[in-house]
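Going down the list, the protein sequences come from chains A and B. Counting from 1 along the first sequence, just add 12 to a position and that's the residue number in this note's numbering. Counting from 1 along the second sequence, just add 762 to a position and that's the residue number in this note's numbering.
Do not rely on the hints blindly, as some may be mistaken.
The calculated label-pair distances, taken between Cβ atoms and stated as ranges, are [stated by the list, open to error]:
{"id": "1", "chain 1": "B", "residue 1": "Ile959", "chain 2": "A", "residue 2": "Asp158", "range": "25 to 33 Å"}
{"id": "2", "chain 1": "A", "residue 1": "Ser74", "chain 2": "B", "residue 2": "Gly944", "range": "39 to 47 Å"}
{"id": "3", "chain 1": "A", "residue 1": "Asp100", "chain 2": "B", "residue 2": "Gln942", "range": "29 to 37 Å"}
{"id": "4", "chain 1": "A", "residue 1": "Gln88", "chain 2": "B", "residue 2": "Leu810", "range": "54 to 62 Å"}
{"id": "5", "chain 1": "B", "residue 1": "Gln844", "chain 2": "A", "residue 2": "Met13", "range": "27 to 35 Å"}
{"id": "6", "chain 1": "B", "residue 1": "Ala913", "chain 2": "A", "residue 2": "Ser74", "range": "52 to 60 Å"}
{"id": "7", "chain 1": "A", "residue 1": "Asp100", "chain 2": "B", "residue 2": "Gln1044", "range": "43 to 51 Å"}
{"id": "8", "chain 1": "B", "residue 1": "Asp1040", "chain 2": "A", "residue 2": "Gly195", "range": "40 to 48 Å"}
{"id": "9", "chain 1": "A", "residue 1": "Asp100", "chain 2": "B", "residue 2": "Pro1048", "range": "49 to 57 Å"}
{"id": "10", "chain 1": "A", "residue 1": "Ser75", "chain 2": "B", "residue 2": "Glu813", "range": "32 to 40 Å"}
{"id": "11", "chain 1": "B", "residue 1": "Ala771", "chain 2": "A", "residue 2": "Val85", "range": "46 to 54 Å"}
{"id": "12", "chain 1": "A", "residue 1": "Ala139", "chain 2": "B", "residue 2": "Arg962", "range": "39 to 47 Å"}
{"id": "13", "chain 1": "A", "residue 1": "Val85", "chain 2": "B", "residue 2": "Ser1007", "range": "43 to 51 Å"}
{"id": "14", "chain 1": "A", "residue 1": "Ser19", "chain 2": "B", "residue 2": "Ser996", "range": "38 to 46 Å"}
Hint data in this document are derived by calculation from the structure and do not stem from the laboratory. Where a beta carbon is used, it is the ideal one built from N, C-alpha and C, also for glycine.
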Amino acid sequence: MRASVLSVEPLGPFSLVTLGGVDSGAAGRFHMVRACDSDSVIGRPLSAIGPAEGGARFVLASSGGGLAPLLRVGAQAEVQGPFGRGFDLAAAGRRPLLVGGGFGVALLAGAARELPGATLLAGFRDAGQALAAGLVPAASSEVIVDGDLLGALGRALASATGVLAAGPDGLVRAVAARVSEAGLACQVALEAPMACGYGSCHGCAVRLDGRLQRLCIEGPVVDARRLAAA
Amino acid sequence: MSTLVGGVALEHPVMNASGTCDPIAAAAAGVALHADLAAIVTKTVTPLAREGNEPPRLAEAPAGLLNSIGLANPGIEGFLAQALPQIAALGRPVVVSVGAFERGEYVDLVRALDGAGGIVALELNVSCPNVSSGCISIGTDAAETRDVVAACRGATRLPLWVKLPPGAPDIAGVARAAAQGGADALVLTNTLRGAAIDRRTGRPLLGGVTGGLSGPALRPVALACVLACRAATSLPIVGVGGITSGPEAWGYLAAGACAVQVGTALFGDPRAAGRIRDELDQLIPPPKLSTTG
């Protein structure tokens, strides 16, 4: 569908962009978003933070990358989705722990809304980035700036019943390994380059269960045990 | 605007390019890709199942896309048992793309597909740039192309469309060789080999080191191939490379193609084929539109 940018709000090094008429989708699912006013031939996978007045809200880096034309009210986007498998919220138990880093933490916002008892543990490179933690309406939050997120994770796991993680690839894989060692259920949102988002391009292959599979179909949220089998 | 491609009658001239449409996965994701296609062209099928190349498999390029998928597919056995029946059940004409690494494998593939339900033509992929042997090395060699096509011609009654690589040093010569071998149509062209460097590491960005360039950046190259092969043979030509609009498809028809395939544009806009078909309908047919088969 064709969607208009309804609003653009700065948030530290990020921009919050509302796309009109877009269904935000279940927590952890994603859209393919392409700026019409660019020579980019493919969309980019983006998960909505959640619904906003008139549409759905997304977070972009302020530079925008290939989506820079969308940092202007009235700009047009081609939006497909929502696609993929999101978080299985019931599997996180009564005391879910949400773990995220960078602006990928925004992907946890929908889960936090659905899990009122959730705790957020988030790590950022600097205080500006850490503003993104405010996008996740968790009951309680621990925000770490330029610190030892995995160390804090070890402590936080003692009171958690399950973990949902999102953020840079290296981070979520490290979280998956640490949580699995602790014997807790863990779901991670993975990232991969995608061209279509609906299973046709085979560009988003990641190794799951020991073999390359399309992340747009299998994920982007997968059970951490599927990584361990790789 | 109906058309005829190498003995295959099509409702209109717009298909997908091989490797850009998995109609079953798309439908499961809520995207009805197949409805607007004059024919569904399958992802290339090889003799054995292939996992494909290591990721990363995609990199954006200026006005284009590099892919290094590496012919990931279930192999002919899995294709015949599972994928083809599901695709055929969609009710659209099916063109099966086949790729292999030596002549005998191509023959085995086309023989296995001869008589399978729903197939209207076979597309011989002798041009994939993302595998380490066979395929593109065949399509850049006129004699080898002629021999592969001739061997396949003897193994199936289905029309044979031959998809050539844009980087062939003498693509007109390869096209003539395909005609001599008994090809029913040419598909011009596959992607053009390219590469990207990761700015963080200084190393090739793609897991397969190089990939195939598609999208608008490829269009002038593919158009030149169509013009060269139009002058060299009377075979029907399917134009493919960077088409995003009706006027661009029209350009291929004006250059001598009788149908087109849309690939990368479908990724960004799954309705692109239908839109291009509708835009094409609004245009006056080009003076040299070929509908002969």
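Evaluation of the provided hints:
no.: 1; hint: B/Ile959 with A/Asp158: 25 to 33 Å; result: holds (30 Å)
no.: 2; hint: A/Ser74 with B/Gly944: 39 to 47 Å; result: violated (59 Å)
no.: 3; hint: A/Asp100 with B/Gln942: 29 to 37 Å; result: violated (59 Å)
no.: 4; hint: A/Gln88 with B/Leu810: 54 to 62 Å; result: violated (45 Å)
no.: 5; hint: B/Gln844 with A/Met13: 27 to 35 Å; result: holds (32 Å)
no.: 6; hint: B/Ala913 with A/Ser74: 52 to 60 Å; result: holds (58 Å)
no.: 7; hint: A/Asp100 with B/Gln1044: 43 to 51 Å; result: holds (48 Å)
no.: 8; hint: B/Asp1040 with A/Gly195: 40 to 48 Å; result: violated (57 Å)
no.: 9; hint: A/Asp100 with B/Pro1048: 49 to 57 Å; result: holds (54 Å)
no.: 10; hint: A/Ser75 with B/Glu813: 32 to 40 Å; result: holds (35 Å)
no.: 11; hint: B/Ala771 with A/Val85: 46 to 54 Å; result: holds (49 Å)
no.: 12; hint: A/Ala139 with B/Arg962: 39 to 47 Å; result: violated (24 Å)
no.: 13; hint: A/Val85 with B/Ser1007: 43 to 51 Å; result: violated (27 Å)
no.: 14; hint: A/Ser19 with B/Ser996: 38 to 46 Å; result: violated (58 Å)
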